[in-house]
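S.K.: Listed below are the residues making up each chain.
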Amino acid sequence: MSASVPLLELQNIGKYFGNVKALENVSTTVKAGEVTCVLGDNGAGKSTFIKIISGLHKPSTGKYLFEGHEVSFESPREARSLGIATVYQDLAMAPLMSVWRNFFLGSEPLRRFGPFNLLDAKFARATAKEEMSKLGIDVRDIDQPVGTLSGGERQSVAIARAVYFGARVLILDEPTSALGVRQSDLVLGYVRAAAARNLGVILITHNPQHALPVGDRFLILNRGQSVGHFEKQDLTYERLIELMSGRVHAA
Amino acid sequence: MSEFDEIARPKDGDERITYRGPLKRLLISPEIGALIGAVVVWAFFWGNGDKFGTAGSTANFLDVAAPLGIMAVAVSLLMIGGEFDLSAGVMTGASGVTIALMAKHFTDGGISLWVCIPAAFLLAGCVGWWNGFLVNKTGLPSFIVTLGSFFVIKGSNLVFSKRINSLVNVSGVDKAHGYKFFKAFLGGENQFGDAKFRDVIFIVGGILFGVLLIVGFIEQSLLHAEKTSSSAMLVAAIGAAGAIAGVLVLHRTDSIKGNVVAGVVGLSGSALAIVAYCRARFETTQPIVGAFPIEARTYIGLGLLGTAIASLAGQLFDRGEENVVLQWMPSWLRLVVAVAAGAFPLVFFVRGLMRGDADRRAQTWLLVVLRLPIICLVSLIGIVSLFQLTTVQAVRAVLITVAGTGAATCFYRARSIASKKSTKWFINLGVLMSAAFVVVAFAVRADSSAPRFRGGIFTALLVGATLVFATTFIEASQQKRTMADLNADRLGKRFVSIGIVLGFIALATRLLFSDGVFRMSVFWWLFFTAVGSFVLTKTKYGNWIFAVGGNKDAARATGVPADKVKTALFMATSLLGAFVGAMILMRLNSVQAQQGDGQEFEYIIAAVVGGNLMTGGYGSVIGASLGALIMAVSKNGIPAAQWNQDGRFIFLGAVLLVAVLVNNFIRKKANEQR
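In the order they appear, the protein sequences are chains A and B. Under the numbering used here, the residues of the first sequence are numbered 1 to 251, in order. Under the numbering used here, the residues of the second sequence are numbered 1 to 674, in order.
Among the hints, a few may not be true.
Incomplete in silico selection of chain A near chain B, CB under 8 Å [what the hints assert, rightly or not]:
no. : residue
1   : Ala-92
2   : Met-93
3   : Ala-94
4   : Pro-95
5   : Met-97
6   : Leu-118
7   : Leu-119
8   : Ile-241
Pairs of lysine to any residue, SDA-like flavour, derived with a Cα cap of 25 Å [claimed, not checked]:
no. : chain 1 : residue 1 : chain 2 : residue 2
9   : B       : Lys-564   : A       : Glu-9
10  : B       : Lys-540   : A       : Lys-63
11  : B       : Lys-540   : A       : Phe-165
12  : A       : Lys-58    : A       : His-69
13  : B       : Lys-175   : B       : Asn-165
14  : A       : Lys-129   : B       : Arg-490
15  : A       : Lys-129   : A       : Glu-78
16  : B       : Lys-493   : A       : Val-5
17  : B       : Lys-104   : B       : Asn-136
18  : B       : Lys-493   : A       : Leu-118
19  : B       : Lys-421   : B       : Thr-284
20  : B       : Lys-540   : A       : Glu-9
21  : B       : Lys-538   : A       : Arg-192
22  : A       : Lys-134   : A       : His-69
23  : B       : Lys-540   : A       : Tyr-88
24  : A       : Lys-134   : A       : Arg-192
25  : B       : Lys-538   : A       : Phe-165
26  : A       : Lys-63    : A       : Val-5
27  : A       : Lys-21    : A       : Glu-9
What the hints contain is simulated information worked out from the structure, not anything from laboratory work. Idealized CB from N, CA, C, for every residue including glycine.
Bound-form chain A, shown alone (with noise of 0.2 Å):
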């Protein structure tokens, strides 16, 4: 894939419910190895965007380019099967059952064993640990339970989970907004340790503070509406702010 195909290219995108205009001529780009913060207030669309990115919904107007040709999901998994995964706030982990047996939760390894398909507990194992400390990450006990671990820690499972099992285009779903500064911290550590190995990032925030120093590309929702896209080089935070508050609009 040549470096100036970005991975994801969506062309002002639209979505109405019946008449409420959800999001209405919404542009950005995803480029491998980069991270392109979407941000804006309660109710600014965002999440019906990444519902569109994700292939849970369908958009009403606009293109979606994938790798440059355009492309139109039926459902979620056609979406990951080209390699967009999701990581949703909740996660989708068991808290009751251990790191390695949530990490392959519903692709899990097997391992033949006479007539038995045996799940293989101790590759599971032995990837899990490996594949999150890839990104950095150093989890006390493959075999405890998730729902001991701290919140930060658990979005890490999560993104471990999804780089491993091939995305391309990672899509973090306020990966930041129930944890505190160190966990943030780190999160956005991952998200960056992400982006390194090559995977486009999109990371919906409301949280400037968090998207300034990870994001590589910005953009700005509210109401429905974009009201800029930037390059890294070209925003303030001050500006940054002014936008999401939609006191100012992009000339």
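Could you slot chain B onto chain A? The hints should help.
M.R.: Only chain B this time, still in chain A's reference frame:
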């Protein structure tokens, strides 16, 4: 609050959490409570009457308990998957009624069992599918959905058996074609004349189990030395030889003196072998020089008091005055005594809770909860004995158990206080503790006329004394491992798991051939437990079951076919219900239309006692089987001990409550720190 914790914690490295020793890891597994419970309950009833636990009675009650055990397996899987099936009980009746009615009346003359039994399974499969379908489609709680099925099936059983057979009891299946085969297959009893191999397997397996467990635990918890010392190894070999010789002689002699000598040789040999083995292979530590720990004084005193009470209990209450001893006691006084028996062990934990900083208090809590099953069982047994049975025997048993447990706890505490101050006193207290065990053992042995109580408690106490003795020396002189060591852990775990397998084989052989008769029902129980546990822990389907019960949306989001898993679990429960129904029918040759009505709660209790979480997502099939065993033991043991039969309901209720409390605690532990 978790925020601050996070910041206070160092950022990287495994020092964030201390190395979790093998024992702790074992203690957090879901079935451990049920295992301890089963052993305690079994031992209690075994010691408390002369009828419980003979080969014949064991075989009989296992035979009766097998249906409960098989159903507990299915129900626990379903419970882990987050659902209940209230129609599981009547399903056994429905299958029996279907088979019996078809075999007698289908197209007038009746039809071969080769048709009836598959038909019953088909019916059960449909019921299970329907339950699953409704739960999945409507999203209603399975409690309601299966409650509906329960009433419909219950009614159909009665209506059809009355209408077609004009009786609620359908019997005489033995004339149907294929009866012989199915009787042998489902409920057969095969005579094995000589059961000597059974005892040999049981003893050898049991000993290997113990040895491998000890070696495995040592391997996992101590620090390896650079070089193995061969002289210490030699001593260990001598000790092992002594142990083996002791066991062999014990097995052959019957004289009391011979037994004592052989026992002493065997036990000191084992202690020597364990201690020397550790010396040879593991790093030693520097002894701490210090004075006598004053804080331990009270505990030592209480321990000695407990020992004295336990030793004297036998002398104070003579066995000869059956049933009359407590008649002079007014009922209020009985109540007071019963409460006191319950409160005694609790007081120590509450005391521990009252003092110390937050950390210590948290630890005490953990201890309380870990030991809660034992504490409650002890108190419960005290209370039940005093209400139900006023024989001397029970009073003695309760006194000895309570005082003995209290003494052991006190000594243990005293020893652990000393461990921080002085190695010398640590060893002294350990030896004192093991000496106390020996004293109680001989006191019990000397007085009692009940050979079994005497023999059982005597042996258990002496083995306990040996273990205390050995662990005292190991803990005093060996360095404990604080870091994970993968190789040693793997080796140790392998030892433990081989040991457990051998122990299981030994126990299974003992149970399967208890009176020289191989019973298919018990075999099926073991078989389904093994299959259920295998599926749950070793296959991807097990992963799915956990996930569906733990977080259904998450399971679905990661591509687990959640609805299919639930439907399959419902179907498995109904199908096993049909299996059990067929099994009971083949054994009794008749079926009551109300059969299994109300049993579903017993299945659920068995599953919950076995450590399965009511809300799903956590649990164990083996635990559920052990839960069924606990219930079967109490069902059989209470009448065998000549207590009021209905006392088992008190027992059941209490056991259930304790189990739920412990479960709740585990879930909280696993969920906290969000």
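S.K.: Determine for every hint whether it applies to the structure shown.
M.R.: Against the structure, the hints come out as follows:
1. Ala-92: Since chain B brings a Cβ to about 4 Å from Ala-92(A), closer than 8 Å, the hint holds.
2. Met-93: 5 Å, holds
3. Ala-94: Ala-94(A) check passes; min Cβ-Cβ to chain B is 3 Å, inside 8 Å.
4. Pro-95: Hint on Pro-95(A): holds, closest Cβ of chain B at ~6 Å, below 8 Å.
5. Met-97: Hint on Met-97(A): holds, closest Cβ of chain B at ~5 Å, below 8 Å.
6. Leu-118: 5 Å, holds
7. Leu-119: Status holds, d = 5 Å.
8. Ile-241: Constraint on Ile-241(A) not satisfied, violated at 25 Å.
9. Lys-564(B) with Glu-9(A): Roughly 37 Å separates the two Cα atoms, so the pair is violated.
10. Lys-540(B) with Lys-63(A): This hinted pair is violated, its Cα atoms lying about 40 Å apart.
11. Lys-540(B) with Phe-165(A): 17 Å, holds
12. Lys-58(A) with His-69(A): 16 Å, holds
13. Lys-175(B) with Asn-165(B): 16 Å, holds
14. Lys-129(A) with Arg-490(B): This hinted pair holds, its Cα atoms lying about 17 Å apart.
15. Lys-129(A) with Glu-78(A): Violated: Lys-129(A) and Glu-78(A) sit about 28 Å apart, past 25 Å.
16. Lys-493(B) with Val-5(A): 52 Å, violated
17. Lys-104(B) with Asn-136(B): Given pair Lys-104(B), Asn-136(B) is violated - Cα atoms ~37 Å apart, limit 25 Å.
18. Lys-493(B) with Leu-118(A): 20 Å, holds
19. Lys-421(B) with Thr-284(B): 18 Å, holds
20. Lys-540(B) with Glu-9(A): 37 Å, violated
21. Lys-538(B) with Arg-192(A): With Cα atoms ~36 Å apart, Lys-538(B) and Arg-192(A) exceed 25 Å; violated.
22. Lys-134(A) with His-69(A): 31 Å, violated
23. Lys-540(B) with Tyr-88(A): 24 Å, holds
24. Lys-134(A) with Arg-192(A): 12 Å, holds
25. Lys-538(B) with Phe-165(A): 22 Å, holds
26. Lys-63(A) with Val-5(A): Given pair Lys-63(A), Val-5(A) holds - Cα atoms ~15 Å apart, limit 25 Å.
27. Lys-21(A) with Glu-9(A): 21 Å, holds
Hint check: violations occur at hints 8, 9, 10, 15, 16, 17, 20, 21 and 22; the rest are consistent with the structure.
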